Amino acid sequence: MEGQTENKSRYLAVIGASAGGPKAVLTVLKELPETTCGILVIQHLSHGFSGKFAEYLNPQCRMRVKEAQSGEPVCDGTVYIAPDGYQMALGKLEDGFMIRCVPGKRYGGFCPSISYTMNSVAETVKEKAMGIILTGMGEDGAKGLLAMRQAGARTVAQDKETSEIYSMPESAFRNGGAERQMGLGLISGEITRFCMNMNNKTGR
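Taking the UniProt record's numbering, the leading residue of the sequence shown gets 1, the next gets one more, and so forth.
Think of the hints as simulated: they come from the structure by calculation, not from any bench.
What you are looking at is a predicted structure, and each value in this text was computed from that prediction instead of being measured.
Note that CB positions come from ideal geometry on N, CA and C, so glycine has one too.
Errors might be hidden in some of the hints.
[Said to hold, decoys possible] Restraint ranges, calculated between C-beta atoms of paired labels, are given here:
(1) Gln150 / Tyr56: 28 to 36 angstroms
(2) Asn197 / Leu93: 21 to 29 angstroms
(3) Gly108 / Ser70: 19 to 27 angstroms
(4) Met98 / Gly152: 19 to 27 angstroms
(5) Met196 / Gly109: 35 to 43 angstroms
[Unchecked claim] Listed next, the in silico SDA-like pairs over lysine to any residue satisfying Cα-Cα at most 25 angstroms (straight line):
(6) Lys66 / Gly104
(7) Lys30 / Gln60
(8) Lys201 / Glu123
(9) Lys201 / Glu127
(10) Lys52 / Gly104
(11) Lys8 / Thr192
(12) Lys143 / Gly104
(13) Lys8 / Pro83
(14) Lys8 / Met98
(15) Lys66 / Pro103
(16) Lys23 / Gly185
(17) Lys126 / Leu93
(18) Lys52 / Pro33
With the hints as constraints, model all of the structure from the sequences given.
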């Protein structure tokens, strides 16, 4: 998008969603300014639709939305959609973080897996991250969000009232992964507050 910053992200957010997720993810992303930190999105989709999902979201958001590519740095103002058939992880750069897309292997039955990415964020980004679990069926993301919280990250889950399918957010809250639950319409504001707090801490 025009005007976006190309600063490498010093901190980031990661969003996991499944059934009902495309609409919920758009609701969150469309409210975020282009100055928001880099965001990783793991959305369970039918085979071959991750690129189309990015193309669907991009014109509706102020942030740039793209399918993630292995080896690219995480930059502010950009949303990275986990590619179909790959696990998305992070590596460290001297001045930020780099996306690594690992082909093939399922984790907890999913590829991409929310927990796989969140575990990587917990190990790599630690307390400079925020994790969000949105609507979905099953338990993917619950263990990964817990790992993030234990590493010092901020963590939230969508509440029952606004979730199309409450199974995933409920699992993440019940196992202690989510510090709190909140309505879908409040999550973008929580991400913005997280960015403001991190800006104050890092002096950016």
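Going straight from one Cα to the other, do Lys52 and Pro33 come out at no more than 25 angstroms? holds, 22 angstroms
Quickly compare the C-alpha distance for Lys201 and Glu123 to 25 angstroms and report which way the hint goes. Within the cut-off at roughly 20 angstroms; holds.
Range agreement (Cβ of Leu93 with Cβ of Asn197, hint 21 to 29 angstroms): holds, 23 angstroms
Take a quick look at whether Lys201 and Glu127 sit within 25 angstroms of each other, Cα to Cα. holds, 12 angstroms
Holds or violated: Lys30 to Gln60, with C-alpha atoms at most 25 angstroms apart: holds, 6 angstroms
Cβ-Cβ distance between Gly108 and Ser70: within 19 to 27 angstroms? holds, 21 angstroms
Is the Cα-Cα distance between Lys8 and Met98 25 angstroms or less? holds, 9 angstroms
Distance restraint between Lys8 and Pro83, which requires alpha-carbon spacing of 25 angstroms or less: Cα-Cα ~21 angstroms, so holds.
For a C-alpha distance cap of 25 angstroms, please report whether Lys8 and Thr192 respect it. holds, 17 angstroms
Is 19 to 27 angstroms respected by the C-beta to C-beta distance linking Met98 and Gly152? Roughly 21 angstroms apart at Cβ, these two residues keep to the hinted range, so it holds.
Is it true that Gln150 and Tyr56 lie within 28 to 36 angstroms of each other by Cβ? holds, 34 angstroms
Given hint Gly104 paired with Lys52 - CA-CA distance at most 25 angstroms: holds, 20 angstroms
Hint compliance for this structure: no hint is broken.
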